[in-house]
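So the protein sequences, as listed, match chains A and B.
Read left to right, the first sequence gives residues 1 to 261 (our numbering).
Read left to right, the second sequence gives residues 1 to 371 (our numbering).
Read the hints as simulated data drawn from the structure, not as lab findings.
There could be a bad hint or two in this list.
[As the list claims (entries may be wrong)] Computed footprint of chain A on chain B, listed as stretches where at least three residues anywhere in the stretch have a Cβ under 8 Å from a Cβ of chain A:
(1) 20–28
(2) 50–59
(3) 73–87
(4) 336–344
Computed from a prediction, not measured in an experiment: that's the story for all the values here.
Heads up, the beta-carbon is just placed ideally off N, CA and C, and yes, glycines get one too.
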Amino acid sequence: MPPVQPVVSVRGIVNRFGVQLVHDGVDFDVHVGEVFGIVGGSGSGKSVLLKTLLGLRHPDSGTVCLEGREITAMGDAELREVKRRYGVTFQQGALFSSLTVAENVALPVVEAMDLAPGAVASLVELRLRMVGLPLDAAVKFPAQLSGGMVKRAALARALALDPKLLFLDEPTAGLDPIAAAAFDTLLLYLRVALGLTVVMVTHDLDTLVRTCDRVAVLVDGKVIVDTLQGIVANEHPWIRQYFHGARGRAALPATEPGRGA
Amino acid sequence: MNFQATLSDACDRLRLAGDCRMGDVTELESRLRALDGAAPPALAVDFTGAGAFDLGPAWLLHRTLAGLGARGTRVSVEGEPPGHFAYLDGLAAAESPAEVARSSSATMRWLADVGQGLEVRARTWYEALIFGGRLMATAGTRWSRIEGLRVPSVVRHVYETGVRAIPVVAVIAFLISVIAAYIGAQQLRPFGAEIYTVDLVAIGVLRELGVLLTAIMVAGRTGSAYAAELGVMKLNDEVDALESMGLNPLELLVLPRVLGLVIAMPLLTIVADAMGLAGGAVLTNYLFDLSWPQFVTRLDDAISDTTFWAGFLKAPVFGLVIALTGTLRGLQVRESSRELGRLTTVAVVQSIFLVILVDAVFAMLYLEIDF
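Please model the complete structure; the sequences and the hints are all you need to start from.
Pasting the structure below:
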């Protein structure tokens, strides 16, 4: 076994739009089998950071390594190959609106390998069952689904190739509490069973508490990375407000009996 | 270690070795298909050399084994089956209503498709009627007060659809008129009647070409824009937001657009007519040295008082047809962006079709009243 290297390694990321500096030297590592949460206020650059990690946006400076390969220094062909190895869900689902749910989930499989239609259908069924979608949703178009079903279908598509690394953008936003809890459970199972590494942008404090091993908070263009307990104890005013506001207090006591506010 | 799946010749022993990743599914699946076809009375699955499985291949294996078991094959397992099997047992056992939905026959599906198609058609026509009626009612109640007509909004649409379309309409009218004059002159020259090229261009442009070309350009430019704008607003729930504020989307969104285009179309037609005549003048000047004053004199003889009006009067009607088609199709967008693209196309195709249809009606009408 080679020495364990971080799955995602970010060094000195700088992103700016015109004069506005969004990221000013962001560093963190995500380790194998970890669920890593990214939080931050609106406009703090969470989505830009995620796009940078995915290789969809080239940072103004700094490096991003996925599984030890520096994607910021790669050619297009190589980058495309790396992109096949991770799964992503986008905030609005980003399901292809002209394809049915089944076709959406089948697309990465059909494009990557040559399989009999029966096997593809069976794999689609597996992914739908995994995310808890009823199988009659398979023939529907994304426009005919509720918000929660869109999220789950998007997750099913992201899981289609059994990726080892999963990026999730607000996976539980717009889900009812039952569906959100089911999502957390699914994530925890996949992580144990498949050794999945998850990087997720989320505002859902319950999901943060239940699933995330470490949390990165984006404030003032930098990140503060720590375990949830460590972050909660941080004295930065924005972080205090985030975790010690009314909603934070409601979600946190389970992990933090000593403190409370 | 690379994945290997070996099936014995008698199909009674499946040996799996190495880690089975999603990329190895193709190999696994070909063995499983062979197994499924053979359906042996007994099957031993040997996991002793197998490593970790991804969920995808594990599921295919799990399903095939379960299917064989249900058909009477005695399945025995050697070594440790993949750890996912317990999880997959749970997944497979979960009740799902899908099996029921799949069972309808081909004839029934065909009937259902036809029925749905008819229903959609009928509903489209019904909506068009409702739309027309409500728009007339809205226009009727707002007509009395000038503020009710949203003058600034109308002016903006006249600018967007009229003023900004001047360059393209002018160039097209000029070019088409040059082409028509050139072909006309060629045909008339053997008879020594090339002076009638002026008549041909003048009557052709003023009565038909000017207004028709303008309408087709506007349908492509504005009809599509109207449908897309309103369609996006519909998808964003902006139309519902207006309704929920007690505001009338027809008054705020549709009426200004329709009025704007009804005003802009005649203005554009004047531009097209002028450029068309200019094209004719330039070409006759170039081909047979007809001077500008001679062209104007000939033009005066060629056209009657009604020639210009015969074309010009059609402009607002064409504008109305294009604007109504575009806005209606835009408001019919629901659900998805695919719908948006489809209805935008429909808006353009239908408005061009309707414009030509209305033009034919005008031609018959003018013939009857000798206009």
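Hint by hint, here is what the structure shows:
A stretch counts as covered by a chain when three or more of its residues have a beta carbon under 8 Å from one of that chain; for the stretch 20–28 of chain B and chain A the count is 5, and the coverage holds. Only when three residues or more bring their CB closer than 8 Å to a CB of chain A does the claim for the stretch 50–59 of chain B stand; here the count is 4, and the claim holds. Beta-carbon proximity to chain A at under 8 Å applies to 3 residues in the stretch 73–87 of chain B; the threshold of 3 is reached and the given coverage holds. Here the stretch 336–344 of chain B counts 4 residues with a CB under 8 Å from a CB of chain A, which clears the bar of 3, and the coverage holds.
In summary, the structure agrees with every hint in the numbered list given earlier.
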